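Asks: If you read the protein sequences in the order shown, they are chains A and B.
Following the working numbering from start to finish, the first sequence increments by one per residue and tops out at 433.
Following the working numbering from start to finish, the second sequence increments by one per residue and tops out at 134.
Each hint should be verified, as a subset may be incorrect.
Just the calculated beta-carbon pair ranges, DEER-fashion [claimed, not checked]: (1) B:P80 x A:E58: 32 to 38 Å; (2) A:T236 x B:H72: 55 to 61 Å; (3) B:M132 x A:S431: 57 to 63 Å.
Now the stretches of chain B that chain A is said to cover, found in silico as 3 or more residues with beta-carbon under 8 Å [stated by the list, open to error]: (4) 2 to 16; (5) 38 to 46; (6) 50 to 61; (7) 79 to 93.
Derived from the structure by calculation, the hints contain no laboratory data.
Since this is a predicted model, take the numbers as computed values, not measurements.
Glycine is no exception: its CB is placed at the ideal position from the N, C-alpha and C atoms.
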Amino acid sequence: MRKVAVSGVGYSEITRGGITPSPERLALIASKNAMRDAGVTGKDVDGIFEYSFGTDSPMCTYVQKGLGIDNLVVYQDIMGSGPSGLASAMAAYMAVASGMCETAVVYRCITQAAGNTGTIAAVPPPPAPGPNGMSEALIYGVQALIPSMGMRMQRRMHEYGASIEDWGHIAVNARKWSADNERAVLRKEVTMEDYLNSRMLAEPLHLLDCDLPVNGACAAVITTAERAADLPTEPVYIDSMAFGTGSRPDWSLGDDFLFGGTIRCGETLWERSSFTPDDVDLLELYDGFTHITISWVEALKMCGIGEFGDWVDGGRTINPGGRMPLNTHGGQLAEGRLHGLAHLTEAVLQLRGECGPRQVPGATVAAIGNAHGPQAGAMIVSTEPSGA
Amino acid sequence: MTADLEFNPPRPHPYYNDVSEGFWEAAQKRTLAIQQCADCATFIHYPSALCTNCQSENLGYSEVSGRGTVYSFAIVRHGFHPAFTPPYVIALIDLDDAPGVRMYTNIVDVEPEAVRIDMPVQVTFEDIGDGTLIPQFMPA
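Extracted from the complex, chain A is given alone in its bound form:
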């Protein structure tokens, strides 16, 4: 296995409203910006990986054409059953580490604010067909994941004595960080009172438990540590990564309803990592719903299972200036739903020390977790080639 690094990151603009943007343009702009950041051209790139829900994102080969890449020796359009946008970077890591390619571009492009949910998330017409238990859910009025997340919160309160404010701390924290992120769509501070007063969607789940659909794309360049050393940016090494599904996986009927595959994913990640949970300086954890973020905090062993409420200390632990900064870009709750890959790109910018007013001083190790249910994925990245 070869050592692998992230050498560049890039974004398109992130917006809501206005004329419907071309997904192709967003993906190309983000990828071009990532390549410029890394100091590579189309001649240097031989792999592309993208994660999509189908029609919401352009195919690898379309982006290849626009970026002037001569030939792809590996590529994959990864459809929506993986660990969200991070799946593209996980695939690139495997390809570069194994020697299947030298330098890969990865991206996640999304135009959800313009109503393009992609083919996978689109609502099937009645009578509802479907490959699995999700079609069973639809006959009971469970569309998408919101009611299922509400049920997780209800069960967590019952099992661990969690309070509704636990999830509120994730929502409030997002805006504290996004206030200093110019990319973020939502930058106005919200209070716990605002959270508790936000519209109830699937009691006990509130509107502010949900991320914000946007139009935008982000991208990264992933290459060998050897090549990264010759590029202009400071390399951020991928120390380790892991998938996790858990047993008998299913979004609602799986064996671990509260955590999905996140606990098994965390166990594998720490077995593979040269770092330990004590080495982590900041967390970039998926926040499509606030329940997912709490699962990752516990699954990555920042605290014991069920102990988030004490650990978060009224928000102080994770807020700016806290001992474990969380979602320093504001996450998907505030920056906008770039669907997981932006948790990696923000980690890279933090470890390179380029985050201006929201910079976490001296950060060298970041933990990233993506998705939930049967689709968990996680990664440790660091400016150090390996831990002690």
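Fit chain B to the given chain A structure using the hints.
Replies: Chain B only, in chain A's frame:
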């Protein structure tokens, strides 16, 4: 007709295939039948092509009492689908006599605010508009 479908769409219907038809055929007879492995007796839901314990293909459907308890629930207060008018309760039920089986359902015939985790419930069958029956649960 087009306008009627747009504003009053039918309830989503169960989808049958060769693996799951036993569950839905039983429901049409007001019976709750859960897939069970004839070799190792494991109950499986949602139906699977192989026993999730021993990978046997020797699978059938066994009638169960329809009694269970609420594992978790949420009160849906936002309209997610035009055929469903909030508020309504979505829940997961653990069946008393089919170990390891958890099912989706609505909790019917109860005020949403009265639903509790661990509440005993009993299956009932609801006609979703055209004679098609789906399993639902109500307080026992």
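Asks: Each hint needs a verdict: does it hold in this structure or not?
Replies: Right, here's what the structure says about each hint:
no.	hint	in the structure
1	B:P80 x A:E58: 32 to 38 Å	36 Å, holds
2	A:T236 x B:H72: 55 to 61 Å	22 Å, violated
3	B:M132 x A:S431: 57 to 63 Å	58 Å, holds
4	2 to 16	holds (count 7)
5	38 to 46	holds (count 3)
6	50 to 61	violated (count 0)
7	79 to 93	holds (count 4)
Consistency note: the structure conflicts with the earlier hints numbered 2, 6.
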